[in-house]
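A.B. asks: Chain P with the ligand: place on chain D using the hints.
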Amino acid sequence: MTLPLTPSQTVGPFFRIGLATTIGAHVAGEGTPGAVRISGQVFDGAGEPVPDGLIETWQAEGAGRCPTDDEGHFAIVTTKPARNAVDHSGVEAPHLDVSVFARGLLTRLVTRMYFPDEDEANAADPVLGSLSDAERATLVAVTDDGGLRFDIHLQGARETVFFDR
Amino acid sequence: MPASSRSVHPPNDSPAYGSSLLRAPKQPLRVHPGRLGELTAPLLAGETIGTLDHDLTRQHDGEPLGERITISGRVLDEDGNPLAGALIEVWQANASGRYAHLSDQHQAPLDPNFSGAGRCLTDAEGGYRFITIKPGAYPWRNHPNAWRPAHVHFSVFSPAFTQRLITQMYFPGDPLFAQDPVLMSVPDEESRQRLVARWSLELTEPEWSLGYAWDIVVAGRQATPLDDDAPE
Ligand SMILES: [Fe+2]
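Residue numbers (this note's numbering), protein chains in the order written: chain D, 31 to 195; chain P, 13 to 244.
Just chain D, with the same shape it has in the complex (with noise of 0.2 Å):
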C-alpha cells in the first residue's frame, strides 16, 4: 500500500506561538563533558539576516530546535554524535542533520553540519567527497569564540548545500 503524501506548507512568520516550547536548544547540557555550542546566522538572497527562521538538528542523540532571533542568529548545545557506521558508499564523518524552516521556504530544507576538527574522517565522508571545494565549505563548521560556526545561505555566491528529503 502506498499512501500519497501531504504535502508540505511553509511555516509561516507566527510559528514562535506554537513551536517555542516543547523542543529546545539544549541537545546536551552546557556542562556536559563534549558538550559544544553550534552558533550561526541565517541569511537570504540579499546578505541580509533571516529572523523569521527555524533550524532543527538531529542526531542519535537528540533533537534541538532554535527559532532565530532578529538578527538571524540560532545556537544549538549539542555533543558530537559518534561517527556513522560504515554503509555501501563509505564511512560518514560525525556530522548533524539541520533541518531550515522559514517563511517563505514552502518546505523545509535539509542540509548537514560537519566538526571542522575531523580533517581526516571529513576528507573520507562520501557527501563531502562528491561537492566541489567551495560547495564543501558550506558544511563545515569554524572554531569561533570556544564553540563552533555555523551560518546558513540560502541564496548567493556561498549558497549552502541543500539535499533532496
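I should point out that these hints are in silico values taken from the structure, not numbers from a laboratory.
Hints may be right or wrong, so weigh each one.
[Claimed, not checked] Simulated restraints on C-beta separations: (1) D:Gly120 to P:Ser115: 39 to 49 Å; (2) P:Leu77 to D:Glu165: 51 to 61 Å; (3) P:Leu64 to D:Pro63: 35 to 45 Å; (4) D:Gly54 to P:Gly74: 26 to 36 Å; (5) D:Gly54 to P:Leu64: 14 to 24 Å; (6) D:Arg188 to P:Gln205: 32 to 42 Å; (7) P:Gln119 to D:Ala112: 23 to 33 Å; (8) D:Ala112 to P:Gly97: 22 to 32 Å; (9) D:Glu60 to P:Asp186: 45 to 55 Å; (10) D:Gly176 to P:Ser115: 28 to 38 Å; (11) D:Leu161 to P:Asp200: 54 to 64 Å; (12) D:Ala90 to P:Ser19: 23 to 33 Å.
Glycine included, each C-beta is placed from N, C-alpha and C at the ideal position.
C.D. replies: Frame of chain D, contents of chain P with the ligand only:
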C-alpha cells in the same frame, strides 16, 4: 522516497509567493546518498505534554470567542503504518484572524482567552485530537487585497528525520483557495485537496461543537531511496 511522492510538495521556487524570492535556494537540491531514512532521534518524554495541551479552548479563565471545533485524525506513513508517539504541534489565528504574536499587525481584536497553540502525542493508532475554535481568514501583503484562507498550522515531529513535516490544514468550501499562493503552490489539485479537512458528523458533538477529520501522511520509515542507484 520515490520522485512521484516528492512531487506532491510545492517547489520552493514559487514566485507567486513573494517571500520565496530571496529565500528559496537557487541551486538544485543535491541527491542525498542514502542513509537519511535510517537516522532517528529519541522519542520525546511523554511527561512534557500536559493532558490539556490539546484543548485550545481551556487555556484561560474564560472561553475564547468563535465557532468551537474538534479536529481529529490519524498520522500514517506512506506504507499505511500509524505513527505512534509523534509530537503534533498546532498554532493558529483567533476567530477574528489575528495571531497572538507581536509581529501580527492585522487590525482585528486579540482574544484574551485564546493563545492559539496546542500540542499532543499521537496514540498507538497514530490518532490525534485537538479542540479549538475555527480561525478567521486574515489579510497579508503578498499581492493587492490578498487574504489567507482560514487554516491551522500543523507540525509533525517523529523520531525519523525523513518524516519531519510542517504544513497547514484548511477548511472545506473556502472561497479563498484559488487566490492563495501558499495553497496553490502545491502543484496538483488532488494533492491540494489533501490539505483540506472533511466536515465529520461523527466528530460533531450535538449541542456543542463542529467536527473536522484530517489524516496526515508522511514519508515511509525505510525511505532509503538510493540503495540500488547510489551516485558513485
Ligand atoms: Fe497562518
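A.B. asks: Any hints from earlier that this structure breaks? Give me their numbers in increasing order, please.
C.D. replies: Failing hints, ascending: 7, 11.
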